[in-house]
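> Listed here are the chains, written in short residue letters.
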Amino acid sequence: MADLIRKQNAECKQGDDGDCGLNPQEPPTPYEIKPDVYFEREVVMDITQTYLSGGAEHDIDFWGFIDPLNGGHKSVPSPAMRVTQGQTVHTHLDSSHIHTIHHHGIEPTSFNDGVGHYSFDVQGKYNYQWYASQSGTYMYHCHTNTVLHVEMGMYGGLIIDPPTGPGTVEGAGIGNYLPYDVEAIWAVDEIDSTWRCHAEDAALCGGDAGLNYFDPDFFIINGISDGGTIIKNADGDDETLRTATAAAVAIKAKVDDRVLVRYIHGGYFPHHLVFPAAVGKVWTIAEDGRPLAVAEEVPSGGTIVTPGERREFYFTPQKPGQYQVTIEMQHWITRKVVGSVSTLITVD
Amino acid sequence: MKRRDFLKLGTYSSAGLVAGNISLLAWTPRAHAAHLPVNLEIISGFQKMIDNKGLYMFSFSGLSADGKKTTEFPGPTLICQEGDTIDVKLTNTLSTHSSFMVAGTDIAHEVAPGGSIQFSFAAPAAGSYLYHDGLNNGVNRVMGLHGALIVMPAGKKNISFNGGPDFVRQYKWLLGNVDPNWSHLVNNNGDDYVTQLSIDQFEPKYFTLNGASYHDTHTPDTELMGAIGEAALVRMINAGLAVHSLHFHGNHVEVASINRQNFSSHRKHKDVISMFPEDARDAVIPFEVPRDIPPQEFKLGFDIVEHPQHYPMHCHTELSQTAGGGFYPHGMHTGIVIGQSPETESEVTQGMNSL
Numbered sequence: 001m002a003d004l005i006r007k008q009n010a011e012c013k014q015g016d017d018g019d020c021g022l023n024p025q026e027p028p029t030p031y032e033i034k035p036d037v038y039f040e041r042e043v044v045m046d047i048t049q050t051y052l053s054g055g056a057e058h059d060i061d062f063w064g065f066i067d068p069l070n071g072g073h074k075s076v077p078s079p080a081m082r083v084t085q086g087q088t089v090h091t092h093l094d095s096s097h098i099h100t101i102h103h104h105g106i107e108p109t110s111f112n113d114g115v116g117h118y119s120f121d122v123q124g125k126y127n128y129q130w131y132a133s134q135s136g137t138y139m140y141h142c143h144t145n146t147v148l149h150v151e152m153g154m155y156g157g158l159i160i161d162p163p164t165g166p167g168t169v170e171g172a173g174i175g176n177y178l179p180y181d182v183e184a185i186w187a188v189d190e191i192d193s194t195w196r197c198h199a200e201d202a203a204l205c206g207g208d209a210g211l212n213y214f215d216p217d218f219f220i221i222n223g224i225s226d227g228g229t230i231i232k233n234a235d236g237d238d239e240t241l242r243t244a245t246a247a248a249v250a251i252k253a254k255v256d257d258r259v260l261v262r263y264i265h266g267g268y269f270p271h272h273l274v275f276p277a278a279v280g281k282v283w284t285i286a287e288d289g290r291p292l293a294v295a296e297e298v299p300s301g302g303t304i305v306t307p308g309e310r311r312e313f314y315f316t317p318q319k320p321g322q323y324q325v326t327i328e329m330q331h332w333i334t335r336k337v338v339g340s341v342s343t344l345i346t347v348d
Numbered sequence: 001m002k003r004r005d006f007l008k009l010g011t012y013s014s015a016g017l018v019a020g021n022i023s024l025l026a027w028t029p030r031a032h033a034a035h036l037p038v039n040l041e042i043i044s045g046f047q048k049m050i051d052n053k054g055l056y057m058f059s060f061s062g063l064s065a066d067g068k069k070t071t072e073f074p075g076p077t078l079i080c081q082e083g084d085t086i087d088v089k090l091t092n093t094l095s096t097h098s099s100f101m102v103a104g105t106d107i108a109h110e111v112a113p114g115g116s117i118q119f120s121f122a123a124p125a126a127g128s129y130l131y132h133d134g135l136n137n138g139v140n141r142v143m144g145l146h147g148a149l150i151v152m153p154a155g156k157k158n159i160s161f162n163g164g165p166d167f168v169r170q171y172k173w174l175l176g177n178v179d180p181n182w183s184h185l186v187n188n189n190g191d192d193y194v195t196q197l198s199i200d201q202f203e204p205k206y207f208t209l210n211g212a213s214y215h216d217t218h219t220p221d222t223e224l225m226g227a228i229g230e231a232a233l234v235r236m237i238n239a240g241l242a243v244h245s246l247h248f249h250g251n252h253v254e255v256a257s258i259n260r261q262n263f264s265s266h267r268k269h270k271d272v273i274s275m276f277p278e279d280a281r282d283a284v285i286p287f288e289v290p291r292d293i294p295p296q297e298f299k300l301g302f303d304i305v306e307h308p309q310h311y312p313m314h315c316h317t318e319l320s321q322t323a324g325g326g327f328y329p330h331g332m333h334t335g336i337v338i339g340q341s342p343e344t345e346s347e348v349t350q351g352m353n354s355l
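Going line by line, the protein sequences match chains A and B. Residue numbers for the first sequence follow the numbering used here, beginning at 1 and rising by one. Residue numbers for the second sequence follow the numbering used here, beginning at 1 and rising by one.
Isolated chain A, as found in the complex:
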C-alpha cells in the first residue's frame, strides 16, 4: 500500500508552480513592544508518520512548525501555544521557505494577521505581535497556499486561559468561569495521502493540481488514527499510538469529574461528532473563542462541526464505564461518510 501511495505520488499534478501572488519579506514588527510571552516556531518540511491500516504500514509526509526553545520535536499537529488572557504575545516565525503564521480566531492588525495577500509572506524571520483579549480555543496555521499547507499539517492548537488560569474556562455565560478537572484538546483532521507529492507552491500560478478534489484516506485526532500511528516521540524513539488509548487524546476521568473537551476542526470535510448517551449530558459552553451566553446541550444525534470551527464541550460523567466518542467525516458535497475516527472516555 505504501508503494501504491508512492505510485500515486509519481503521477501527481503540480499545475503551474511558482511564487505567483506571494510577497516574501522579513520586515521588523511595527510598533514593537516587549511581549509578556514569546514563542518560536521554525518550519520543518520533513515529518513522516506511519499509519497502520489493513495490515500494512503507510508512510505519510507532513510539514509543520517545531518549537526550538523546547527541544524542537517534530509532531503532528505542531506544538500548541498557551497563554493567559490579557497577555501580549510574540510568535517568532523562522522559515527559509515561504510561509506565514495566522493565529486563527485572533484579531490583530492585518500586518500581524499572517495572510500574505493582505500583508506579506515570511521568508526569513518575523515576530507576529498580538494580544490575547479573550480566553478560549483557537488554532494557528500557515496561510500561504493554505489549501495545501494546512492539509500538510501546518497547524497547531492555541489556547487562551481566562484570568482565573488553567483549570477554568469561560463559558455557559459571559464572565462565567467554570472549573474543570480533566481537559482534552482534539485537533481533528482528514489526510489525503495522494496530496503528499505537491511542491509547496503547487499551482500558485494556475493550472490544475487537483486541489479542489479531496479524497481522504486517514482520519486523525492530534495526528493519531484509530488503527495506530507510529510516531517519533520526544526521545527520538518509535512509539505506536492509537486514539483509543493515547494519553494526548483519550479521556480518563473519575465519576463527578468536570471534563472539558476543546474541539478544533483542522480539516476540510464536515465532522459529525457523537458523544454516547451513556456518558450523560454534554454541553457546548463556548464556540470559536467566545463563551456562549447560555450552554447548549449536544443533541443525542450529535452535532456537525465545519472547517475552522472550535467548540468547547463540558460534561460530568456520573457512571463508571468506557464510552466511545465517534467522529464521522462526511463528504462536503454528497454528505456520505468517507471515514471516521473515535476515542474512548474511561470513567473510573
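Every clue listed holds true.
Pairs of lysine-lysine, DSS-like flavour, derived with a Cα cap of 30 Å:
1. B:K48 x A:K13
2. B:K156 x B:K89
3. A:K319 x A:K281
4. B:K48 x B:K68
5. A:K34 x B:K299
6. B:K157 x B:K69
7. A:K281 x A:K252
8. A:K319 x A:K254
9. B:K53 x A:K13
10. A:K252 x A:K74
11. A:K252 x A:K319
12. A:K125 x B:K299
Now the stretches of chain B that chain A is said to cover, found in silico as 3 or more residues with beta-carbon under 8 Å:
13. 190 to 204
14. 250 to 260
15. 285 to 296
16. 299 to 312
17. 327 to 333
Honestly, the hints are just simulated from the structure, not real lab data. Beta carbons: idealized from backbone N, C-alpha and C, even for Gly.
Mind docking chain B on chain A? Use the hints.
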C-alpha cells in the same frame, strides 16, 4: 433556439451593477404594502471564470419595463418588505423545464421549455431567502439559476427582524459552485441534459461569492467596509451543492438568524459560519477595532482611521480557495476593510435607501 450570449458579470461589471439598475424591486421603508412587478427571463450563456475560461451556464435575468436585461448572474436581488405582493412574469428560453422556488417556503412555480407564466406571491416573513430553480435536486440551481430574496420588516431599515441587532448597511453573499464538466456536458448535449446529472458526479472547480471569485470580489457589493462602529448585516446564502465554512478575519460576527430562525437574545459570536446547501444565515459584523491589537500599539501611534485594516473572509473548506484545481486563493474569498466607510454602498444598502 439556443442563446449564446456571453454573460458579462461579476467582476467585470459590478460598478455598472451597483450604479445602474439596483434591484428589480425598488424598496424603501414605507407604511403601506405594495404590489411589486418582477420580470424574469431564464436564459443561458457563457460566464467568464476567474481564469478567463468561459463556461456555459443558466441564469435568471431581470428585465426592465422596456425589456432590457438588468442583472444576470446570479439572478437579480429581490428586495421587498413584509406585506408586499410580488407579481412575477417568468419566461423560460431554455430547452428544459425550469422553475422558480423560494427555499424554506411553499412558493414553487414550474415553467415548460419555451413557456411563459405569471404568478403572484405574498412576501414571506422578514428574512433572507434563496430563490432558485429547485428542479433536478439542485442541478439547475448550481447551473446558475438562483438569486436572493430579501424581505425587510415593514417600515424598518436598520434591523432585519423586530428584536434583531442594529446595523447601518447590508450585504448579501450568494455562494456558488461551478463544475466545468457539467457546463460542457449541458452545452454539448442540450439544456435537458441537466436531468441526467447527479450530485455524486459533481466536482466543482470554481467557487464564487455573488458570481465572482477572489480577487474580483473586491467590489462594493461583496467586500465588507465600514468605519469603526458601522455595523453591517451580512446575508449569506448557499446556492451551491457543497458545505462551506465562512471564516471572518478581523472581527467575530454576531449570528442574527439561521434560516429565518431569529435570535432576539443570547446571540452567538462566531468567526466561522457553517453554510449547508440552501442555508440562509444572517450575521452582523460590528466593525469594531480588532480586539487583539495590543493596547500599547495605539499608545505608540497606531491609528486605524489613518490606516484602515484589510482582512480576508474566506471559506475554510480550503478546497473552495482554488480555481481550475489550483490558483490559490482565487475562490470563495473577499475582503473586509475595517476603519473606512465605502465610497459606493452595496446593492442591498442602496436598494434599502433608494427613492
